[in-house]
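Sequences are here, hints too, so could you generate the full structure?
Sequence lines, in order, name chains A and B. My numbering applies: residue 1 is where the first sequence begins, and numbers increase by one. My numbering applies: residue 1001 is where the second sequence begins, and numbers increase by one.
Honestly, the hints are just simulated from the structure, not real lab data. Note that CB positions come from ideal geometry on N, CA and C, so glycine has one too. Hints may be right or wrong, so weigh each one.
Here's a subset of chain B near chain A, in silico, CB distances under 8 Å, partners left out [stated by the list, open to error]: (1) R1103; (2) T1104; (3) P1150; (4) P1187; (5) A1207; (6) V1210; (7) V1211; (8) G1225; (9) G1245; (10) E1258; (11) S1260; (12) R1282; (13) R1299; (14) Q1301.
2 protein chains.
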Amino acid sequence: MNASTAYRRAAVIGGGVIGISWTGLFLAHGLDVVVSDPRPDAEEQVRAGLEEITPALAELGLPTADLTARLRFEPDLAEAVADADVVQENGPERLEAKREIWRTVEQAAPDHALLATSTSGIPATAIAEALRAPERLVVGHPFNPPHLVPLVEIVPGEKTSARTLAQAGDFYTALGKKPQILRKEVPGFVANRLQSALFRECVHLVAEGVVTEAELDAIVTDSIGLRWAVAGPFRTFHLGGGPGGLPHFLRHLGPAMEASWTGLGTPSLDEATVALLTAQAREAFAEEPVPELAARRDRAQIALMRALAASSPEPADKAAA
Amino acid sequence: MNASTAYRRAAVIGGGVIGISWTGLFLAHGLDVVVSDPRPDAEEQVRAGLEEITPALAELGLPTADLTARLRFEPDLAEAVADADVVQENGPERLEAKREIWRTVEQAAPDHALLATSTSGIPATAIAEALRAPERLVVGHPFNPPHLVPLVEIVPGEKTSARTLAQAGDFYTALGKKPQILRKEVPGFVANRLQSALFRECVHLVAEGVVTEAELDAIVTDSIGLRWAVAGPFRTFHLGGGPGGLPHFLRHLGPAMEASWTGLGTPSLDEATVALLTAQAREAFAEEPVPELAARRDRAQIALMRALAASSPEPADKAAA
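Right, here's the structure in full:
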């Protein structure tokens, strides 16, 4: 399927960082986009944000000439979604705010519209309690920024229909994303839980004085980061287990792995720890403003994505939804 | 400095997978290498292993013509290290075996030789108790395979001298590696602890049926893996915190991060879990033998390393030893 035919008109609710990134991606894929945000300076903010990400969209190989020609702004939510094929909501991360938005959207949007929330923390089940047709709502959680990072976690609520999940998968795939449909609703979904697990040990090691933040970052980029960009943790251990692969690894090194878990740190982000982490961050990252560092990181990441696409480490994307 | 002048003669103790990889790297950087391994088929194994990794060495841009011209084999340990400038030990991961090896090496090797063990699990402090000059021994722990992954963790024992640490840093840097000197001896060092922390949550999510192994791997390669290949966890959160960077992130999202830690899984690798992980591995990775999958992964990783080198995400490697 083709996003520009099946989903021609998108409504983006909320013009913050995530909303801007989705808007840029949708526009670059030829969709008409209505942004709805009640803030008086929303249009100005969104246009400025789009200008900022346009170079990255271009580096990704997307057409960016007249990017905003099919963009409009409509503060009234019901008006904004009235003829949408897809609604991507990026409102405040508060349950009541989400419910109120979605009650309005459900009433005003066409029956065929795909209804997706970018929430990183509120279960679709809880939001959908406010809806007449809870089977229509799904979490489409991007890994920030959505225009750049391939992953979109599609997370069903208890009542989300298989049809909605399939539609969401088709939609994000057509945008060049790599969606994954989770089999269960779980707090933090998958990517953020993994990030949280790793970060806990990072905080422990820095708090214990084993390494500085900058040293730890270098260790990650020079080892596991490189590995996991090419092959995930299971595949990595499969390839590290010799000809017997992961089964061999689990049988022979599983006990040592399990034992290592009991030795992992359980730090807290108390005042002293936050002060230490803050001081090290100021030293490690002071040399350049965040936006410039981020732009350089993003350029490097695009170069990496291109290299990966050209060398295709996997025979076929078996895991894709 | 230049490895081929300061460290011209290397002794590699143990001709297993790690020993072979170090041997290939040393040879490709112009060192004379003596491999010492008491197994009768050691020479055959090492030569076969070197042939297997030669294409990767070539793709890394290293000279591989006549790679084995400066390679010899000497089963007798004392003979093997007699005129070594550096000894890299990859013997059995048992304390007594390491102590016996190093007692012999210390007596037989020149006084100026750098003495490094590849151990991933035994503290230099414990091994060095067998030595007259414990300040000379250091852990030089590669992330497998050493000829490919940039990281080498240099881990001091309690008595390792600053001079030894500096020499180890110079040696691995001259081989094109990215060594990191840890500030403290800690079980599992840094990279394996981080890997263990992430893998624990991976096992939890698969055991709970949230995702399959293949789906989890795809989530990682399409999000955090990509990120961490370019910027480590602290830098990633620094860039995710807006203009206020990591300090802002810690102040505003620290409590939510800390709360998320309490919700992480604490799985065990019991029989049922190992059976589930094994069954999924057979399904996910059955299509191709491990060596072919590994070779493809390695090619992809080399492509990625080249792309990163060309785009240089960081202004200077501040964290390097």
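Structure-based check of each hint:
Look at B:R1103: its Cβ only gets to about 26 Å from chain A, farther than 8 Å, so that hint breaks. The restraint placing B:T1104 at the interface with chain A is violated, with a minimum CB-CB distance near 27 Å, outside the 8 Å limit. Using the Cβ-Cβ criterion of 8 Å, the hint placing B:P1150 at the interface with chain A is satisfied: the shortest such distance is roughly 4 Å. Hint status for B:P1187 relative to chain A: holds, with the closest Cβ pair at about 6 Å, below 8 Å.
The interface hint given for B:A1207 is broken, as the beta carbon of that residue sits about 12 Å from the closest beta carbon of chain A, more than 8 Å. At about 5 Å, the closest approach between the beta carbon of B:V1210 and any beta carbon in chain A falls short of 8 Å, and the interface hint on this residue holds. With its C-beta approaching chain A no nearer than about 6 Å, B:V1211 sits inside the 8 Å limit, and its interface hint holds. About 3 Å separates the beta-carbon of B:G1225 from the nearest beta-carbon of chain A, less than 8 Å, and the hint is met.
For the restraint placing B:G1245 at the interface with chain A, the shortest Cβ-Cβ distance is roughly 5 Å, inside the 8 Å limit, so the hint holds. For B:E1258, the suggested interface contact is upheld, since its CB lies about 5 Å from the closest CB of chain A, less than 8 Å. For B:S1260, the shortest C-beta to C-beta distance to chain A is roughly 4 Å, which falls under 8 Å, so the interface hint holds. With its C-beta approaching chain A no nearer than about 7 Å, B:R1282 sits inside the 8 Å limit, and its interface hint holds.
The closest approach between the C-beta of B:R1299 and any C-beta of chain A is roughly 6 Å, which is under the 8 Å cut-off, so the hint is satisfied. About 5 Å separates the beta-carbon of B:Q1301 from the nearest beta-carbon of chain A, less than 8 Å, and the hint is met.
Hint violations for this structure: numbers 1, 2, 5, all remaining hints satisfied.
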